[in-house]
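Chains as they are written, first to last, in the numbering used here: chain H, 1 to 176; chain S, 1 to 198.
Please note that a few of the clues may not be correct.
To be verified - The calculated lysine to any residue pairs, modelled on SDA-like cross-linking and capped at a C-alpha distance of 25 Å, are:
(1) K36/H x G165/S
(2) K36/H x E95/S
(3) K36/H x T112/S
(4) K147/H x E27/S
(5) K36/H x P23/H
(6) K147/H x G165/S
(7) K147/H x A14/S
Don't read these hints as lab results, they were simulated from the structure.
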Amino acid sequence: MREVYQRYGGAIQTVARSMTREPELVAEIVQQTFVKAWRAAATFEEGRDLAPWLYTIARRTAVDALRREMRPTAGDHEPEVDVAVTTLSFERTWEIHEVRRALDDLPAEEREVVRLSHLVGLSHPQIADRMGIPVGTVKSRSARAHKRLAVALGHLADPPSAANRRPGPDVVVGEE
Amino acid sequence: MPDEPFDTDPGIDADLAALLAEPALWEPVDAALEDAVVAAISAESAPAGVVVPITRSRPRLVAAAAAVVLVVLAVGAVLSIRETSAPAGIELALEPTELAPTATGLVSIDDTPLGTRLVLSVSGLPPAANDQYYEAWLRTGPEAGVSAGTFHLRGGDGEIELWAGVTAEDYPLFTITIQDEADPESSGRVVLRGRVAE
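Generate the whole structure from the sequences, applying the supplied hints.
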C-alpha cells in the first residue's frame with residue numbers, strides 16, 4: 001500500500017486540494033480514498049490502470065466530504081437537507097490529476113526547472129542563477145521536460161470524446 | 001538571444017501553462033499522511049478491538065498508526081489487499097456484459113439511516129433510446145431484486161445518485177438493466193453487474 005500511495009498519493013492529494021483549501025479536509029479525503037480503494041480491491045482486476053479508478057473514488061469522496069461540510073445542520077442535530085456542491089468539473093479535476101501525475105514522473109531536475117518557471121515565474125537566466133547551472137542546461141532541461149509533458153498529456157489535448165474521456169473507472173471484475 | 005517564454009513552447013498550450021501555475025500541483029506529498037493511510041488500512045484487518053477511526057486530527061492519526069502497526073506486527077498479521085470482505089462504504093467495480101462490452105462502472109454503496117445510498121459512475125454506456133431507460137437493481141439473484149432507480153444518460157456520462165430500501169448485505173448483486181418504457185418489470189437485459197463480496 002505504501003508503494004501505491006507513493007505512486008498515486010500526489011495526484012490524489014492534488015485532486016483533493018483542487019476541491020478544498022482546508023488542509024485537514026484534504027488529508028481526510030486522501031485517507032478515505034485509499035481506505036475505500038483498499039476495501040474495494042477485491043473487485044479490481046489486476047493489470048488494469050489504477051489511476052482512473054483511484055481518481056473516481058477520490059473525487060466522489062471529496063464531493064461527499066464537501067457536501068457534508070456545507071450542510072447547514074452539520075452541527076449537533078440531524079441533517080435535514082442535502083446540499084448541492086459546486087466545484088470544479090469531473091473533467092477539470094481529471095486534467096489536474098493527470099498533470100500532477102505527469103509532473104511526478106519527470107526527473108527531479110527537469111521538474112524543478114518547470115516549477116521555477118511556471119509557479120515561481122522565473123526566466124531562464126534567473127533559474128540558472130537559482131540552481132547554479134548554465135543557462136544552456138536550463139534550456140535543454142526545459143525543452144526535455146516540456147516534451148515529456150506534451151507526450152504524457154496528449155490525451156488531454158483533444159476535444160472530449162468517448163475515446164479520450166478517461167476519468168471513468170476503467171475496471172472490469174468478476175462477480176465474485 | 002532572449003529567453004523564449006514557456007507559454008510559447010510548441011508542446012504546451014496556454015491552458016496547460018495556466019494549470020502549471022497552480023500551487024496545488026506543486027505541493028509535496030504529505031509524508032505523515034502516508035503513515036495514517038497505512039495505519040487506517042492496517043486497522044481494517046487488525047484483530048477485533050483495535051480501531052483506528054478516520055479522523056481529521058493528524059497527530060492522533062500518526063500516533064494511532066504507530067500503535068496499530070505495532071499490534072499488527074505483534075500478532076504477525078499479514079496484510080493482503082485481496083483479503084477484505086466489503087463492510088459499509090463499499091466501492092464496487094462493475095463488469096460489462098455482452099450487451100455493452102465497452103461499458104465500465106463503479107458504484108459506491110453506503111448504508112445510511114435513510115436507506116442504501118448508491119452513487120454510480122459509468123462510462124461507455126450509450127444514452128438510452130427515447131422509449132427506453134436504464135434501471136439499477138439490488139438483487140439476491142436473478143429471481144429476486146429491488147429497484148434502486150432509473151436513469152437515461154442522455155446528457156452524457158457522469159455520476160448518478162440512487163437510493164434503495166434494502167441493504168447490499170442482504171441483496172449483494174448489483175445490476176443495471178436496459179428497460180422498455182412499456183414494461184416496468186425487469187427486462188433481464190443486464191448491461192453492467194457486480195457482486196459485493198460476502
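Checked hints:
1. The hinted pair formed by K36/H and G165/S meets the criterion: a straight-line CA distance of about 23 Å does not exceed 25 Å.
2. Taking the CA atoms of K36/H and E95/S, the gap is near 19 Å; set against the 25 Å cutoff, the hint holds.
3. Distance hint between K36/H and T112/S is fulfilled; the C-alpha atoms sit about 16 Å from each other, no more than 25 Å.
4. With a CA separation close to 22 Å, the supplied pair K147/H and E27/S stays within the 25 Å bound.
5. At roughly 20 Å between alpha-carbon atoms, K36/H and P23/H fall within 25 Å of each other, so this suggested pair holds.
6. At roughly 53 Å between alpha-carbon atoms, K147/H and G165/S are farther apart than 25 Å, so this suggested pair is violated.
7. Of the pairs offered as hints, the one joining K147/H and A14/S holds, with about 15 Å between alpha carbons and a cut-off of 25 Å not exceeded.
When the structure is compared with the earlier hints, a violation turns up for hint 6 alone.
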